[in-house]
Amino acid sequence: MDYLPIFVDLKDRPCLVVGGGDIAARKAGLLRKAQAAVTLVAPEVSATTQALIDSGEVKWLNTVFSAEQLADNTLVIAATDNEDVNRDVYRQAKANNILVNVADCPELCDFILPSILDRSPIVVAISSGGKSPILARQLRARLETLIPPAYGRLAEMVGQYRDAVKEKMPKLSMRRRFWESILQGSVADHVLSGRDELGEQTLQSALE
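Numbering (the working numbering), first residue to last: 16 to 223.
I should point out that these hints are in silico values taken from the structure, not numbers from a laboratory. Each residue gets a CB set at the ideal place from its N, CA and C atoms; glycine is no exception. Among the hints, a few may not be true.
[As the list claims (entries may be wrong)] Cut-off 35 Å, straight-line C-alpha distance, at most; resulting in silico cross-link-like pairs (DSBU-like, lysine-lysine):
| # | residue 1 | residue 2 |
| --- | --- | --- |
| 1 | Lys-186 | Lys-74 |
| 2 | Lys-146 | Lys-26 |
| 3 | Lys-109 | Lys-26 |
| 4 | Lys-109 | Lys-74 |
| 5 | Lys-26 | Lys-74 |
| 6 | Lys-146 | Lys-74 |
| 7 | Lys-186 | Lys-109 |
| 8 | Lys-181 | Lys-146 |
| 9 | Lys-48 | Lys-146 |
| 10 | Lys-183 | Lys-74 |
| 11 | Lys-183 | Lys-26 |
| 12 | Lys-186 | Lys-26 |
| 13 | Lys-74 | Lys-48 |
| 14 | Lys-146 | Lys-186 |
[To be verified] Using C-beta positions, here's what the derived DEER-type ranges look like:
| # | residue 1 | residue 2 | range |
| --- | --- | --- | --- |
| 15 | Ala-156 | Gln-219 | 32 to 42 Å |
| 16 | Met-184 | Arg-157 | 19 to 29 Å |
| 17 | Asp-24 | Leu-76 | 19 to 29 Å |
| 18 | Ala-110 | Gln-153 | 13 to 23 Å |
| 19 | Thr-160 | Ala-82 | 37 to 47 Å |
Hey, can you work out the whole structure from these sequences and the hints?
Right, dumping it as structure tokens:
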């Protein structure tokens with residue numbers, strides 16, 4: 016295993032994206048989905064990136080990259096079409112002990128961005144370690160049919176009742192058996208079939 020797969024809390028934490036093209040826009044958009052505070056640096060931007068800026072999702076520095084822009088950032092992503100700029104971002108980030116990712120250049124990455132199946136709060140990340148991103152995307156496509164959006168709704172419902180279950184069932188073994196029965200029984204069946212209200216009613220009855 017070349018990389019440690021972890022999920023990082025970036026909420027309100029400053030992150031820098033260097034580049035103004037569509038790839039940079041995708042990276043910035045992904046960071047925003049994780050609620051990071053994103054600053055994008057580029058003297059010119061694509062229409063896609065401009066739309067992201069106009070929405071207020073990211074802060075735009077209309078200039079070229081400089082090392083001073085790295086200050087206080089949790090991580091930085093370089094996604095320009097200029098190899099020299101990307102390498103400069105990498106060198107400066109390393110010198111400042113900031114995690115860096117250079118798009119489409121695994122050898123210049125402290126971290127890589129996986130192919131993501133988002134069924135929030137269920138999130139599945141698939142990576143080939145930079146060897147074959149296309150294969151990772153194909154695997155994600157297969158999983159999309161196995162894990163429909165209803166699983167996200169089911170997870171949200173379960174999360175809402177965790178405290179109530181813990182209060183009613185202080186023993187871990189009891190809670191485990193309870194949740195296994197819920198997730199393998201009619202509650203899950205109802206939610207996965209689009210009958211969320213009935214699923215919640217069944218869950219409430221099981222708690223009584």
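**Prompt:** Are the Cα positions of Lys-26 and Lys-74 separated by 35 Å at most?
**Reply:** Holds, at about 15 Å.
**Prompt:** That 32 to 42 Å hint for Ala-156 and Gln-219 (C-beta), does it hold up?
**Reply:** Hint holds: Cβ distance 36 Å, inside 32 to 42 Å.
**Prompt:** Does Lys-48 lie within 35 Å of Lys-74 when you go C-alpha to C-alpha?
**Reply:** holds, 15 Å
**Message:** Next pair to validate is Lys-146 with Lys-74; report whether the Cα-Cα distance is within 35 Å.
**Reply:** holds, 32 Å
**Hint consistency between Lys-48 and Lys-146 [alpha-carbon to alpha-carbon, up to 35 Å]** = Holds, because 25 Å separates the two Cα atoms, which is no more than 35 Å.
**Message:** Given a hint of 19 to 29 Å, does the C-beta separation of Met-184 and Arg-157 actually sit inside it?
**Reply:** Between Met-184 and Arg-157, where Cβ atoms are some 37 Å apart, the hint is violated.
**Asked** Between Lys-109 and Lys-74, is the straight-line Cα distance small enough, at 35 Å or below?
**Response** holds, 23 Å
**Request:** Can you let me know if the beta-carbon spacing of Asp-24 and Leu-76 is within 19 to 29 Å?
**Result:** Check passed, 25 Å falls within 19 to 29 Å.
**Given pair status - Lys-74, Lys-186, alpha carbons within 35 Å** = It is violated: about 48 Å lies between the C-alpha atoms, which goes past 35 Å.
**Message:** Between the alpha carbons of Lys-186 and Lys-109, is the straight-line distance 35 Å or under?
**Reply:** Not satisfied, since the Cα-Cα distance of roughly 47 Å exceeds 35 Å.
**Message:** What's the verdict on Lys-146 and Lys-186, does the C-alpha distance respect the 35 Å limit or exceed it?
**Reply:** Roughly 45 Å between the alpha carbons, so the hint for Lys-146 and Lys-186 is violated.
**Asked** Is the straight-line distance between the alpha-carbon of Lys-183 and that of Lys-74 35 Å or less?
**Response** Not satisfied, since the Cα-Cα distance of roughly 47 Å exceeds 35 Å.
Of the numbered hints given earlier, the model fails hints 1, 7, 8, 10, 14, 16 and 18; all others are met.
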